[in-house]
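Asker: Put chains B and C on the given structure of chain A with help from the hints.
Residue numbers (numbering that gives the first Met the number 0), protein chains in the order written: chain A, 0 to 345; chain B, 0 to 345; chain C, 0 to 345.
Because the hints were derived from the structure by calculation, they are not lab data. All the pointers check out, no bait thrown in.
Residues of chain B clear of chain C, computed beta-carbon distances all greater than 10 Å:
id, residue
1, G31
2, E59
3, G60
4, E64
5, G109
6, I146
7, D208
8, G301
Simulated DEER-style distance windows between Cβ atoms:
id, chain 1, residue 1, chain 2, residue 2, range
9, B, P311, C, L313, 16 to 26 Å
10, C, P41, B, D188, 24 to 34 Å
11, A, E161, C, P70, 51 to 61 Å
12, A, Q327, B, G301, 27 to 37 Å
13, A, E161, B, G33, 15 to 25 Å
14, A, G60, B, P299, 49 to 59 Å
15, C, E161, A, E161, 24 to 34 Å
16, B, S49, A, D131, 37 to 47 Å
17, A, G17, C, E161, 24 to 34 Å
18, A, E161, B, R45, 28 to 38 Å
19, B, P299, C, L339, 38 to 48 Å
20, B, V295, A, S49, 38 to 48 Å
All figures in this text were calculated on a predicted structure; none of them were measured in a lab. Think of the CB as a built atom: it goes at the ideal place given N, C-alpha and C, for glycine as much as any other residue.
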Amino acid sequence: MKLAELARVVGARLLGDGELEVTRVRAVQDAGAGDLGFADAPAELRAARSTNASALLLPEGFAAEHAHELPCTVLVSAQPARALAAAIEALYPAPPAPRGVDPSAVVHAGARLGIDVAIGPGAVVGKAVLGDRVQIGALAFVADGVIIGARTRIGPGALLLEGVRVGADALVGPGAVLGDDGFVFAPDDDEGRRANVPVRHVGGVLIDDGVALGANTCVDRGLLRDTHIGARARIDNLVQLGHDVEVGDDAVLVAQVGVAGYATIGPAAVVAGQAGVKERRRVGARARVGGQAGVVHDVPDGAAVAGTPTMPHLTWLRAMARLKDLDQLERRVRALEARLAAPRGE
Amino acid sequence: MKLAELARVVGARLLGDGELEVTRVRAVQDAGAGDLGFADAPAELRAARSTNASALLLPEGFAAEHAHELPCTVLVSAQPARALAAAIEALYPAPPAPRGVDPSAVVHAGARLGIDVAIGPGAVVGKAVLGDRVQIGALAFVADGVIIGARTRIGPGALLLEGVRVGADALVGPGAVLGDDGFVFAPDDDEGRRANVPVRHVGGVLIDDGVALGANTCVDRGLLRDTHIGARARIDNLVQLGHDVEVGDDAVLVAQVGVAGYATIGPAAVVAGQAGVKERRRVGARARVGGQAGVVHDVPDGAAVAGTPTMPHLTWLRAMARLKDLDQLERRVRALEARLAAPRGE
Amino acid sequence: MKLAELARVVGARLLGDGELEVTRVRAVQDAGAGDLGFADAPAELRAARSTNASALLLPEGFAAEHAHELPCTVLVSAQPARALAAAIEALYPAPPAPRGVDPSAVVHAGARLGIDVAIGPGAVVGKAVLGDRVQIGALAFVADGVIIGARTRIGPGALLLEGVRVGADALVGPGAVLGDDGFVFAPDDDEGRRANVPVRHVGGVLIDDGVALGANTCVDRGLLRDTHIGARARIDNLVQLGHDVEVGDDAVLVAQVGVAGYATIGPAAVVAGQAGVKERRRVGARARVGGQAGVVHDVPDGAAVAGTPTMPHLTWLRAMARLKDLDQLERRVRALEARLAAPRGE
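Same shape as in the complex, but just chain A (with noise of 0.2 Å):
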């Protein structure tokens, strides 16, 4: 595509010859001739100048900076990871939406269909309703009662248990699992010494719009009512939502976070990988929980913590660069204890 089409096409400003044609995207240390190099993180943007690509797509700040440095035509963006996505749409054809049922696919006669829908080989789904253009992937399992909305994919090998309904334009990733029951058991004795009898769960699993889940992560329908994630919530890989969990409008959940049942995630948080939010807790809208983070106690609207137990980001960093030297800080207290106990006058 030429470069100045390519520019209208993802709202770039051009500065240089438009006429050059690109075929392909590459980060701008991988780019050569024929590519678009793309800079954004600050390690990228050094490369820059000695790249080979036929022309880059950069920030406007660095643009504006060093654009006269550069080697090549440039497209500057003021936001270049919209820009990005446009240049991929439009250098790489998508390729084409799966259409119809597979023939070897296990389908109810009860399913319901949308327009468009799209079950792929070895998928088993039950009496479900697919919304239009609905895309199943191979091997997955759909439940009979499960609802899911128009144009929402189901990655290959994805579970979708009873109880669940899913809206539209949402990404349910390979091998997730949604619906099974949460970790919630009962005595089985008289006297109640050993919790040890599950409890069946009669909530389900409901999933807003455009939400996107990751690969094998895992959403436990709720014990009396649903465990909800909310519009455009975007949760990656291997990331655990117990049963009742709330997780709010445009959240983010980074790979193998661990959320505790009944525990909310406020609207706009961001959880960090591999952070733990125990059961019952809040972690406020707009907060910032640190990767690792143990979030014990309620975190406020617009926070930024980390640790564990999570403390305040900035209290955090300083502890932990004071964290290496403890020992040190120890014997700095051992000798001032000593030089006290000396006698007077020594």
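Answerer: Relative to the frame of chain A, chains B and C by itself:
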């Protein structure tokens, strides 16, 4: 169901109108007319006074204090969790157990099936032995030689490899993987410089009666003997149990826990979410390991520990209370050092 | 097999009666008559003296010291792990390799299969290329365009999406997910306030020869170029590898490790269980990252680090030794402050 009957069924005392009918169970804050509201946690109990529920199911202690303040009939239970489970069973008829072998399932001619075994659509069962009333979920895989005890339910997409034996009345979660080789390697060259050829495992996986395993959880087979999970152990989602791990009866492993090869979890021990146990270590009987803890040395029977490396729980709480002020502590020490360095008289 | 023959096969020195026969390998504490007992770890070696095994396979050092005390024939190996693997191969005939394409498998007419390819029941294979003797497990999914090298084994239920290329002699664990899009989003509005539209990835996943990937592990495809796993890397269960991650030859990632997008693991590096690596960071060649560590800045080649954030391993051990006494340290400082505040002469 009439409240008088419900109280009898769940073993609760009735205070109020036994002729009222309820049809559903709801958390107290969600409950309305026709609902039995359930309250157990402190926050929920506070909501009890303003509930719209037709009746409440409450624990003894709280009811004794507050029953007179409550606006509705009350069912009082000495074992609220058990009463809740019974109320769910009473008000929500269990879905009819699946029956028979789905035509789309692939079942080896040599498989031995007990009475009333159910095998779901797309499931694959090898020359295995399935006891009476075993249920195999859609798209699950049961390898040759696997033995499954009566009434055990294998979730959709679960993968039971060769060498796996599961007792009666167990639950294996959707997507769980049982019986894969553990993470053991041997050098492939004479100088032994690199351990990088997988060592074939010849042990199995032995799961006792009444065990519950969560979704996408992995249990590796033993290298020479079995990896063993004791009766009624309850293991949550996304847990990793390495080769040759021994989990005692009634133990509890919460989501995303990792137990390395040869480690032992004692009977009735509880390991909270995201904790890790180093290889060959033992967590004692009835021990309690905190969330995200890192067990690097044995935990005595009955001990409560937390942190990485683990320390007694109280010690950890105190240390963590001080951690956030570590930067300040260093400055206090520095101030003391400065004062002691000043000449006398200043 | 007679011990003399077994010693020859596993490359061990024989001390004792070569005519005895053994049929199984057992850990030393489990071994009885007719067994070869294996002992490598210190605890096991202590049990060697009282073993009931017909023979023991022991490492050089221990045997040199203690062989005279042992009650049975001893096989002495300079490489016990390797000898154990060879003993297993000798005494436990490998199950016959599966052959042929199961009638219940769904294989695209355009799939190219090498010699002696085995495809298990219920598996789905698209227009892919499978090398000689490749094994595809039951209910596994191999998408269009996937390339798999000779003798590679894909476990049951594994999901290989488009863009995945696997070398020869590799192992992909049951339930593993390769090739799903990474966790990359772009704003969907002009002010760029919210990053919440998934960006379509056009890179792939390149897995070199001899790699072992664990059960339920996830490897995301690259955004613009490949996510790459180098030769003979060994990756355990429930590991997350984000988009564009680079794992060097012979690297080891233990269970539940998480490596964020664009991060690099150097050749022969070892990352212990549940550790996390922040995006774009590099763990150097031959580095060792401790269990549960949080890598937030680059780890130099050959360095041993631990903790979150990571610090040199020795520093971490010392800091952690002091951590449990942090409360007491604060009180010691407070006592010093009190003494310095007292008027002179008291």
